[in-house]
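Which chain is which? The protein sequence lines are A and B, in order. Residue numbers for the first sequence, in UniProt numbering: 1 to 401. Residue numbers for the second sequence, in UniProt numbering: 1 to 401.
Hints were generated in silico from the structure; no laboratory data involved. Nothing false has been slipped in among the hints.
Here are the computed lysine to any residue pairs in the SDA-like style, where the Cα-Cα straight-line distance is at most 20 Å:
id	chain 1	residue 1	chain 2	residue 2
1	B	LYS310	B	VAL341
2	A	LYS149	A	VAL211
3	A	LYS31	B	LYS50
4	B	LYS280	B	ASP316
5	B	LYS357	B	GLU51
6	B	LYS398	A	GLU79
7	A	LYS374	B	GLU365
8	B	LYS378	A	PRO29
9	A	LYS357	A	GLU14
10	B	LYS397	A	GLU301
11	A	LYS378	B	LEU373
There are 2 protein chains.
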Amino acid sequence: MKEVLFRELLNPNESKLLLIVLDGVGGLPDKSGMTELETAFKPNLDKLAKENETGDMIPVDIGITPGSGPGHLGVFGYEPSDYPIGRGILEALGLNINVDKETVTVRCNFATMDVNHVIIDRRAGRISSEENQRLVEKLKERIKNADGKKIEFYAGKEHRFVLVIRGVKGNADVNDTDPQEIGKKPIEAKPNNESSKECAEIINKVYAMIVEALKDEPKANTALFRGISKMPDIPTMEEKYMLNPCCIATYPMYKGLATLVGMKILKTGETIEDQIETLKDNYEKYDFFFFHVKKTDSYGEDGDFAKKVKVIENFDSLLPKILDLKFDVIAITADHSTPSVMMSHSHHPVPLLLIGKHSRKSDAEKFTERECLKGAIKRIYSKQLMPLMLASSGRLKKFGA
Amino acid sequence: MKEVLFRELLNPNESKLLLIVLDGVGGLPDKSGMTELETAFKPNLDKLAKENETGDMIPVDIGITPGSGPGHLGVFGYEPSDYPIGRGILEALGLNINVDKETVTVRCNFATMDVNHVIIDRRAGRISSEENQRLVEKLKERIKNADGKKIEFYAGKEHRFVLVIRGVKGNADVNDTDPQEIGKKPIEAKPNNESSKECAEIINKVYAMIVEALKDEPKANTALFRGISKMPDIPTMEEKYMLNPCCIATYPMYKGLATLVGMKILKTGETIEDQIETLKDNYEKYDFFFFHVKKTDSYGEDGDFAKKVKVIENFDSLLPKILDLKFDVIAITADHSTPSVMMSHSHHPVPLLLIGKHSRKSDAEKFTERECLKGAIKRIYSKQLMPLMLASSGRLKKFGA
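Assemble the whole structure, with the sequences as input and the hints as a guide.
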């Protein structure tokens, strides 16, 4: 349905909505013939799947393997391909750097060039994180402004750092300066359109300042820029759904993604228990809660089938505490699949469980990839989940008379 | 996903992909209550369906019965309604006529008109194919060029022939000259846009030349033109998917359709065994193979349920030879359904079997319309099959970080 028509149907009420993302929980069978979800002992999830609606959800599109950015935009109700998130922004979010609409972010490598400015090492010999810290301090000290814009530097791991430029009004549609191979010079930043001219100019200016600041360094005597980007111009969830949303996540990147869509980030601890405490403490203050469980994905990426199973079991054992809070609607799903046997994100759909008052029951017996296929939701795309949660909580009026 | 974003994800590798189209294999129950696929003894297909992913595929759109052109464009990954294939082109492909981007093709009827040029028989009394041959030879002899363009004629069956005009640069968006009923004069060709002006002019010129050439014929003294068309301007599969594709088909029309999307046409024999030999001989040279089995459709069109079953059984018995070749991904499906009980193409979805390393198993027990409904692929549109085959072979990078 067209966005403009959809917004006319919004009908805010007192209901409480909870979106639980078990990051990468979708899997594939290992040699036992069963997936992580099929292996885990999870009586609570299975009982809920039996008594509520389930489905099979495509994160972005058929055959597409989503990164964390597109995967989450989808479950937040956005068409992921409408809002590409630049690598610079994602890196900044990962480092917990505050960004606004006038902030340009750049992923940078320290690198080595010869006297002719030809790159001879794209990673400056993979310098240590400590050495990186020292170099970033040097840059911070020497470069504070350029053309009246505030310039900031943030150290990452090894040779990586982030450059932040504040107060840039136009776009940041500018090429990478990284030539991607040694034996070439860094590429000049050029704008891809009129509104990115200012950005390109300041990028080139900052580059020259960095080269000047690092000229006496034996290894890290230059920097290569990639993913020059601003925040996508994205409506907030409040604008889109008339919700007052918050985020309970343990990792910076997910907090950053939540910030992009206007969620309030709640302070929480490291464990799922901590997150549930935070949920409980803030139950009255918000009406939409994004609850992010990271470790299912981490162990999937590690190829650790058994530990991924354990995280599912741990979550399941804590689920009654969440149910006690009496949310009106709870969705439990994933941003994408991360099968342990692939040790990476994959294109496979994710299982979806939707708990609400007006559920259509089906033949699904458990919360697994295979059983959720039988559910009444059948197949949806991630961006269709929010309308379903809103409908289930009475937050959408009838369309037409 | 937008085409431009999709192309950025392409990640060519060494994998081998095989698309087997059992033309029109989808069916409906006869009085036994079972479809052709449910009747056939096909242990290999059934075992594969149990161990791999299955689904239900919509060739073009819900309720739409596809012709061979749209049906195949869909499985090749194109939106069929974006690339209408003119009847002239389809007729030319069916007659194995070589066409390029400057070729205009026209489906023609020999017809009879009176002295006032009023059509009195749209099929010239359904003259014999031999008589057609004689008339076409006469046209060939008398009309070789018009306005410096090369003119060709090809005899079809009974009153049908194809007119080919070479070297036309613009479009061929021109009306039919066939008035569709007797008692009317042939319609003058008029361009629907500026770039089709040259085409319309030459069509009218060739029409006058045909009338002159046939003026002494008692029956076939004129011709009616339909489906004036050029090849659709369609990207090749190499451009679209970075694949090096080939076609192993026994019928000219399918080779023609494969040519449209840039496949290399391999010489092969008349039987499925011959086609498998060709597949084996060319395994190293290509990375995408389109393998077309015609007879399932032919017997469906004939209403011969038993013979359609036999073709399925024959294919099944030969399938192990194909599996021996160790393709990375194999899709077995159809371009449309051709239920024997309907003796025609139908709008019904087609069963899909996708064999690859990272399959999600499901409850499907057999390769039939009904069992494939239970598969993990659930329902897709034909044009979504290629992204799925590419994803299953690792040929698509992650979207976003």
